[in-house]
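K.L.:
These protein sequence lines are chains A and B, in that order. My numbering puts the first residue of the first sequence at 1, with every later residue one more than the last. My numbering puts the first residue of the second sequence at 296, with every later residue one more than the last.
Don't read these hints as lab results, they were simulated from the structure. Glycine included, every Cβ here is placed at the ideal spot set by N, Cα and C. The reader is advised that the hints may include incorrect statements.
Said to hold, decoys possible - Derived, one-sided and incomplete: chain B residues facing chain A with beta-carbon distance under 7 Å:
1. M323
2. F334
3. P338
4. V339
5. T348
6. I430
7. V530
8. A580
9. V582
10. I588
11. G589
12. Q595
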Amino acid sequence: MKRDYSKPKKRLFHRQKTLNRSMAGNLTLFLFMAVCGVFMVLPLIMVVNNALKPLDELFRYPPKIFVRNPEFDNFSDLFVLMSNSWVPLSRYILNTVIITGGGTIGHVLFASLAAYPLAKHNFPGKNILFKIVVLSLMFSWQVTQIPNYMIISWLGINNTYLAVILPAFAYGLGLYLIKQFMEQIPDSLVESARLDGANEYRIFWAIIMPNVKPAWLTLAVLQFQSMWGNTGSTYLRSEQLKPLQYALQQIVNSGPARQGAAAVVTFIIAAIPITFFIICQSSIIETMTTSGMKE
Amino acid sequence: MSKKTTKTTNNEWSLLNQIKRSKTSYIMLAPYFILFFLFTILPVITSIVFSFTNFNMLELPEFVGWDNYIRLLLDDDIFKTAIRNTLIFAVITGPVSYFMCLIFAWIINEFKGKVRALLTLIFYAPSISGNAFVIWLIILSGDRYGYLNGFLMRWDFISEPILWLKTEKYVLPLLIIVQLWLSLGTGFLTFIAGLQTVDKTLYEAAAVDGVKNRWQELFYVTLPSMKPQLMFGAVMQITQSFAVADISIQLAGNPSINYAGTTIVTHLLDFGTFRYEMGYSSAIASVLFLFMIGTNKLVQRLLRKVGS
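Go ahead and model the full structure; you've got the sequences and the hints to work with.
P.N.:
This is the structure in structure tokens:
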């Protein structure tokens with residue numbers, strides 16, 4: 001069977017025109033994905049709809065998933081609630097920006113900086129260091145929460161931004177992920193930069209980092225999400241230092257009278273990391289340039 | 296740096312030389328590893344040391360040997376429930392979400408452009424939606440305003456609302472469903488990335504060699520090419536499914552009805568943050584750690600067999 005490969009065809013499926021793809025198979029997969037997709041997305045659709053429901057629809061029987069008369073009263077209610085609070089809303093937002101921004105940028109930078117020698121240099125202790133990092137992936141954070149608190153008090157950084165930001169730099173996950181990606185960069189590229197007289201810091205910054213952009217963007221999304229979820233309740237005592245997440249949670253916990261505001265809170269908490277992912281998505285998923293650079 | 300030849304006079308001297316010559320490497324490692332030792336390694340060691348003591352955060356720790364472990368393994372009935380729940384949970388959610396991650400990532404990879412971006416978003420969004428899983432509290436709410444009760448009653452499957460999260464036999468299965476909803480996370484994203492790094496020419500070569508359909512392609516070409524990602528996904532999945540606590544506490548409460556939703560980590564948090572029995576809590580943490588390492592060794596051995 002001969003096909004004309006020169007004509008580019010617009011099709012839904014990838015590689016279909018070349019290899020091993022049957023139409024029936026495609027259809028089955030499509031239906032399967034549709035069913036699973038509905039299960040995944042339905043609760044999130046409910047989150048959005050609930051945020052737009054007027055109170056009488058929130059307490060309606062029988063419940064309806066989709067909103068009938070959407071309105072933004074819940075949003076303005078939440079805004080009024082927040083602006084009447086003891087600490088101004090802008091302060092909570094500033095705290096969140098410092099904690100989330102600092103934690104994300106610092107982690108990505110430090111983890112990448114450490115991943116480069118682990119991936120491309122040879123030095124004594126390299127293997128053991130990496131093995132410890134892999135082992136640490138199996139330790140969930142709840143387990144180290146209490147000793148962590150003691151170490152932070154001992155360092156004297158309790159009740160400062162640093163108490164939340166510094167531990168966030170040290171997860172094993174980021175280092176592992178980014179080191180694996182750096183190993184795919186051909187050694188010859190690093191070698192030739194060395195021959196051109198670039199020092200290691202320059203190679204890291206000008207050659208390695210641009211080439212592992214998808215990896216560190218992925219890492220940034222993961223870290224952003226975990227920093228955004230941090231209420232800082234263990235380490236931050238002053239109301240002045242608490243992030244937005246904390247303030248929002250207080251509203252959810254304040255009972256059924258604020259159902260409308262609580263629905264908006266759920267929406268905001270979910271929407272921000274998802275938006276951040278959408279912004280980074282094209283870079284993460286589409287520009288896997290490293291694959292084109294195999295030796 | 297690494298490629299320079301070393302004059303070896305004797306072994307010790309060359310090691311010292313190597314260390315000196317790798318100065319740049321160590322400088323680059325330093326910022327991360329100093330923090331890593333301070334906030335990850337040191338707490339783990341502290342926790343293991345505390346597990347042999349009685350410690351309430353106020354008085355100095357008192358050494359008690361294996362007492363905590365003996366009490367934990369012989370006297371603590373709730374811990375038995377916690378282990379049972381955690382194992383049921385991990386055995387179901389671990390492999391199921393691992394294969395979900397893999398299969399969904401693989402199918403998504405068959406699409407292209409906007410459809411692929413949209414599907415990735417749909418499947419990945421729940422796991423990064425923060426606390427949005429509290430929506431399940433409304434879905435599973437025990438009165439007739441709960442979505443599930445509402446729909447089941449309207450269609451006459453039930454006549455009375457069911458207290459989903461307060462009925463022992465429903466708690467664990469429901470937690471498993473919510474966890475599956477949340478579990479297409481890090482592993483899923485690395486699989487999607489990994490699938491794209493597979494060398495496209497391999498597929499053509501495979502087609503020439505007689506690979507007939509996409510399933511054979513998956514097993515003989517795709518999976519063997521993305522072993523590092525498979526390994527990583529497995530580690531993440533195991534950690535996630537053993538350390539489940541948040542959703543149990545938020546949906547079923549801590550303690551949950553007749554401990555139906557108790558897991559090792561909720562038990563640990565119960566002793567650590569409410570009863571201030573740090574020694575005992577640390578012993579629970581150490582047992583959990585051993586569990587995870589054991590399972591990981593097992594899974595790594597299984598994964599080495601892929602495509603070989």
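K.L.:
Taking the hints in turn, state whether each one holds.
P.N.:
Here is how each hint holds up against the structure:
no. : hint : verdict
1   : M323 : 5 Å, holds
2   : F334 : 4 Å, holds
3   : P338 : 4 Å, holds
4   : V339 : 6 Å, holds
5   : T348 : 13 Å, violated
6   : I430 : 5 Å, holds
7   : V530 : 5 Å, holds
8   : A580 : 4 Å, holds
9   : V582 : 10 Å, violated
10  : I588 : 6 Å, holds
11  : G589 : 10 Å, violated
12  : Q595 : 10 Å, violated
Violated hints, in rising order: 5, 9, 11, 12; the structure is consistent with all others.
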